[in-house]
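Chemist: The primary structure of each chain is shown beneath.
There are 2 protein chains.
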Amino acid sequence: MTNQNQACTKSDIAGVSFSIHPMSNAFITIIKNALKEADTSKVHMKTDDVTTTVRGKLVHVFDVTKAIFLHAAKTGEHVAFQATYSLGCPGDSQGDAFMEVDDVPLNADSVKDIKQQVAAKFSLYPLGGGDYMDVIYAQIEAMKEYVSVSPAHYSTRLDGEAFEIFQGLEKVFKATADSGSSHTVMTVSISANSPSHKVEGSDA
Amino acid sequence: MTNQNQACTKSDIAGVSFSIHPMSNAFITIIKNALKEADTSKVHMKTDDVTTTVRGKLVHVFDVTKAIFLHAAKTGEHVAFQATYSLGCPGDSQGDAFMEVDDVPLNADSVKDIKQQVAAKFSLYPLGGGDYMDVIYAQIEAMKEYVSVSPAHYSTRLDGEAFEIFQGLEKVFKATADSGSSHTVMTVSISANSPSHKVEGSDA
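Here the protein sequences come in this chain order: A and B. Position 144 of the first sequence, counted from 1, bears residue number 144 in my numbering, the numbering being contiguous throughout. Position 144 of the second sequence, counted from 1, bears residue number 144 in my numbering, the numbering being contiguous throughout.
The hints are simulated quantities; they were obtained by calculation from the structure and are not laboratory data. Glycine included, C-beta positions come from ideal geometry on N, C-alpha and C. Careful, some of the hints might be misleading.
To be verified - Among the chain A residues that face chain B by a calculated CB cut under 8 Å, a handful are:
hint: 1; residue: S17
hint: 2; residue: N25
hint: 3; residue: I28
hint: 4; residue: T29
hint: 5; residue: T53
hint: 6; residue: L127
hint: 7; residue: G128
hint: 8; residue: H153
hint: 9; residue: V185
What the hints assert, rightly or not - Listed next, the in silico DSS-like pairs over lysine-lysine satisfying Cα-Cα at most 27 Å (straight line):
hint: 10; chain 1: A; residue 1: K46; chain 2: A; residue 2: K74
hint: 11; chain 1: A; residue 1: K115; chain 2: A; residue 2: K36
hint: 12; chain 1: A; residue 1: K32; chain 2: A; residue 2: K74
hint: 13; chain 1: B; residue 1: K74; chain 2: B; residue 2: K36
hint: 14; chain 1: B; residue 1: K74; chain 2: A; residue 2: K32
hint: 15; chain 1: A; residue 1: K46; chain 2: B; residue 2: K144
hint: 16; chain 1: B; residue 1: K32; chain 2: B; residue 2: K46
hint: 17; chain 1: A; residue 1: K144; chain 2: A; residue 2: K74
hint: 18; chain 1: B; residue 1: K115; chain 2: A; residue 2: K144
hint: 19; chain 1: A; residue 1: K32; chain 2: A; residue 2: K112
hint: 20; chain 1: A; residue 1: K36; chain 2: A; residue 2: K46
hint: 21; chain 1: B; residue 1: K32; chain 2: A; residue 2: K74
Kindly generate the complete structure, drawing on both the sequences and the hints.
Modeler: The following block contains the structure:
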């Protein structure tokens with residue numbers, strides 16, 4: 001078992017701790033179906049009573065979380081997704097990391113046609129270095145290639161299709177790690193089908 | 001308006017971006033009542049369709065989020081709480097920060113008798129410095145004074161009373177900032193009344 005003591009990861013293992021919250025009495029069914037519909041055979045996944053942890057190659061960690069979110073959101077219920085992605089955390093175990101698999105994402109075809117407008121916020125945290133704000137600014141700019149981007153307190157707001165938002169998140173997370181950040185953390189909140197969604201992104 | 005571009009905070013303004021998710025068809029009522037029952041008159045608070053932002057003195061930021069969580073959880077519904085606390089983010093605006101108020105927490109008396117067993121995970125991220133892992137290890141040790149602590153992937157698990165967990169989170173967050181971290185971020189996930197709660201903390 002790994003933790004912040006023995007702590008997170010050798011540089012090539014990616015991981016995420018996430019939770020998905022359908023605001024519905026049917027939450028158990030929605031979560032279970034979403035977990036079942038996603039093909040998780042190229043990652044290590046463990047669900048407990050607080051979060052679900054997925055570990056493996058970066059491409060599969062994003063592929064699996066994107067698929068689970070989209071399968072839950074397509075029910076039409078108000079679904080919230082919260083995730084902390086991590087790469088390079090010092091001390092992650094090498095075990096159970098599924099690093100021997102190929103790079104072909106298993107869920108790309110099954111979710112690419114699910115249309116789902118969402119509102120999201122993300123924050124990037126490159127740890128251990130002094131120039132981390134420059135890295136953050138550059139990646140916020142890069143995100144604009146994918147979706148609508150606007151300022152928010154302590155984060156950056158994204159409005160658009162969920163599929164494209166996940167593409168953008170994967171890209172900026174990978175670019176941050178590739179740029180030399182030895183330990184990269186990214187928090188993401190996504191809301192789908194909220195009764196309070198308004199066109200807020202455009203007035204910021 | 002502030003964001004990661006103009007970005008987060010002058011060192012004495014604390015802030016949090018959080019969301020609370022009741023897994024129930026009555027989620028709107030539960031959220032609205034919890035926000036109403038908490039006394040938020042010593043902080044700046046703004047709710048949008050993704051998260052709620054609270055800014056002000058550290059003591060009040062924790063007082064208000066603890067109260068909102070406890071008022072939602074006491075309904076007995078399965079409630080999830082996700083928060084990213086922040087202090088010292090370079091570029092936070094000085095406006096609307098409610099720094100002129102005194103240090104007396106407004107919600108302490110009204111929530112201190114709400115008994116609510118929860119499972120939680122937290123991660124501390126002191127940014128911009130090279131020895132951040134030592135700071136993290138020290139604060140995980142400090143947390144043991146408050147509640148049961150056990151390892152988890154990319155975070156540390158906490159089991160106990162919600163009131164005490166929030167006391168501990170406030171203490172370690174403040175200690176991290178006081179120890180010299182110029183920009184401190186802490187992510188927290190808390191789950192109350194989950195149908196899948198088990199005694200997991202004891203077997204880690």
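Chemist: All hints are to be evaluated individually against the structure, with a verdict given for each.
Modeler: Each hint tested on the structure:
1. S17: holds (5 Å)
2. N25: holds (5 Å)
3. I28: Because about 7 Å separates I28 of chain A from the closest Cβ in chain B, which is inside the 8 Å limit, the hint holds.
4. T29: violated (11 Å)
5. T53: Holds, about 4 Å.
6. L127: holds (6 Å)
7. G128: Holds, about 6 Å.
8. H153: Interface hint status for H153 of chain A: holds (4 Å vs cutoff 8 Å).
9. V185: holds (6 Å)
10. A:K46 <-> A:K74: holds (23 Å)
11. A:K115 <-> A:K36: Answer holds: K115 of chain A to K36 of chain A is near 20 Å, not above 27 Å.
12. A:K32 <-> A:K74: Holds, because 14 Å separates the two Cα atoms, which is no more than 27 Å.
13. B:K74 <-> B:K36: holds (14 Å)
14. B:K74 <-> A:K32: This hinted pair holds, its Cα atoms lying about 26 Å apart.
15. A:K46 <-> B:K144: Since the Cα atoms of K46 of chain A and K144 of chain B sit roughly 25 Å apart, the hinted pair holds (cutoff 27 Å).
16. B:K32 <-> B:K46: Holds - the C-alpha atoms of K46 of chain B and K32 of chain B are around 13 Å apart, at most 27 Å.
17. A:K144 <-> A:K74: Between K144 of chain A and K74 of chain A the Cα gap is close to 25 Å, so the pair holds against 27 Å.
18. B:K115 <-> A:K144: violated (45 Å)
19. A:K32 <-> A:K112: Roughly 21 Å separates the two Cα atoms, so the pair holds.
20. A:K36 <-> A:K46: Between K36 of chain A and K46 of chain A the Cα gap is close to 13 Å, so the pair holds against 27 Å.
21. B:K32 <-> A:K74: Measuring from Cα to Cα gives roughly 26 Å; hence the hint holds.
Against the hints set out earlier in the document, violations occur for numbers 4, 18.
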